[in-house]
Amino acid sequence: MGFEELYYLLKGALVTIELVAGALGLGLVIGIPMAVGQVYGNKPVSKAVSFYVWFFRGLPLLVLFFLFYFGLFTLINLDLSAFAAASLVMGMRSAAYQSQILRGSIQSIGSGQMLAARSIGMSKSRAIWHIILPQALRLSIPGWSSEYSGILKDSAVAYALGVMEILTRANFISSRTYKPMPAFLACAAIFLILTYIGVKSLNLLEKKVRIPGYGERREI
Amino acid sequence: MSETILKVQDIHKSYGDLEVLKGISFEVKQGETKVIIGPSGTGKSTLLRCINQLTPPDKGCIWLNGVELTDHKVDINKARSSIGMVFQDFNLFAHLKALDNVLIGLIKVKKMEKQKATELAVEELRRVGLEDKASSYPAELSGGQQQRLSIARALAMNPKLILFDEPTSALDPELIGEVLEVMISLAREGMTMLVVSHEMGFARSVANEIIFMENGVIIEEGPPRQLFSRPKHKRTGEFLNKITELYGESGK
Chain A
1 MGFEELYYLL KGALVTIELV AGALGLGLVI GIPMAVGQVY GNKPVSKAVS FYVWFFRGLP
61 LLVLFFLFYF GLFTLINLDL SAFAAASLVM GMRSAAYQSQ ILRGSIQSIG SGQMLAARSI
121 GMSKSRAIWH IILPQALRLS IPGWSSEYSG ILKDSAVAYA LGVMEILTRA NFISSRTYKP
181 MPAFLACAAI FLILTYIGVK SLNLLEKKVR IPGYGERREI
Chain B
1 MSETILKVQD IHKSYGDLEV LKGISFEVKQ GETKVIIGPS GTGKSTLLRC INQLTPPDKG
61 CIWLNGVELT DHKVDINKAR SSIGMVFQDF NLFAHLKALD NVLIGLIKVK KMEKQKATEL
121 AVEELRRVGL EDKASSYPAE LSGGQQQRLS IARALAMNPK LILFDEPTSA LDPELIGEVL
181 EVMISLAREG MTMLVVSHEM GFARSVANEI IFMENGVIIE EGPPRQLFSR PKHKRTGEFL
241 NKITELYGES GK
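Residue numbers (the working numbering), protein chains in the order written: chain A, 1 to 220; chain B, 1 to 252.
Just chain A, with the same shape it has in the complex (with noise of 0.2 Å):
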């Protein structure tokens, strides 16, 4: 594999790492809310919560893809690009699994806290923002870890849908060269190196907002 090629797939490197931030950073917006509303809110709107982590949990990337991108997408003429429907659907499906990161941690913050901020007479919604979240998102970065590292290799299934991210260039590669192997060598060691550089990046994280008495190690 000479250095076009590997040129050419670190390019799509670049449309993965792209589409995993977007997918993140879309799953993060629309996760918090629905963890704070599965949380705090009424009941509808709990139970709604739970029907969409089931819907988006419950199903296979690929079908979900299937199921936007040829069908739901074409139906109501969303006329978007398959990195676009990717990002989409792949956002929405995160959204799923970081509320529920974010509701664990939520959940382990305990009720005084809330109490006492209601006591000095902030709202419900401040105290949410206010005291709860910044505990809550700092709890989460665990969790995240793991979500980064799943989106990740989970993009390689946007494939599929023709994106021109690591596994369909590689695979371009591979059919023109006759050699396979070198090719999604190359692949799986981006794939590698992506994992590391996030997951260590969000070690880091963790370690500069860490707050004295939380998320220690622990010597028992």
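Because the hints were derived from the structure by calculation, they are not lab data. Careful: at least some of the hints might be erroneous.
Okay, the calculated bits of chain B under chain A, using three or more residues with CB under 8 Å as the criterion [what the hints assert, rightly or not]:
(1) 91-98
(2) 127-140
(3) 152-166
Backbone N, C-alpha and C define an ideal beta-carbon position, used for all residues, glycine too.
Mind docking chain B on chain A? Use the hints.
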């Protein structure tokens, strides 16, 4: 006679079939310290939460400075900001340094500007003896320091009344004194306080009145001397003897 700050009238509260509060009425006057005592499960904590509407009562009225808090039209967040509350397990904001625990109410609720709020917060930390702990996180403080910090957080809002829900029950015996000291000096400064506590020494020496509650009703109410030496009800005497034996009389 000083004016009435808090008026509690016929408060009822049930959880399912269990009626926790069965018609509680009393008043607290400006500058008064009232101590509520009684066996656990009697509804003392529920009563405190009914007062600032963290737990809305099923029936009955609460007035604070003539404003009815049980009225649904009242801005309850605003009303709550003038009632301090100190919890048994502190409930400090774990992600905020000591100073910010005190500051956050001033900035986010009272909308005070940062500099003025900081000056005030530092002053409140000094008042409870924690000026050198301003940049410590709650987890880095001892139990006594945490409880004093939570008192400072309540004080910063300049409350008309502070509710204490067993403020020393979660503390090691040697840390109780420093918290009681702060509470005693607040009482002397004329802060109006309603305290649920088992600290008989504190009740005896600081309280203007003691309220004895059992099974959701007030059994007896009166000045400490009267309750300790000539209780009207046999049950009051029994409870006071038992609890004094158990907890001693620290904080005199």
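* Hint by hint, work out which the structure violates, then give me just those numbers in ascending order. => When the structure is compared with the hints, none of them turns out to be violated.
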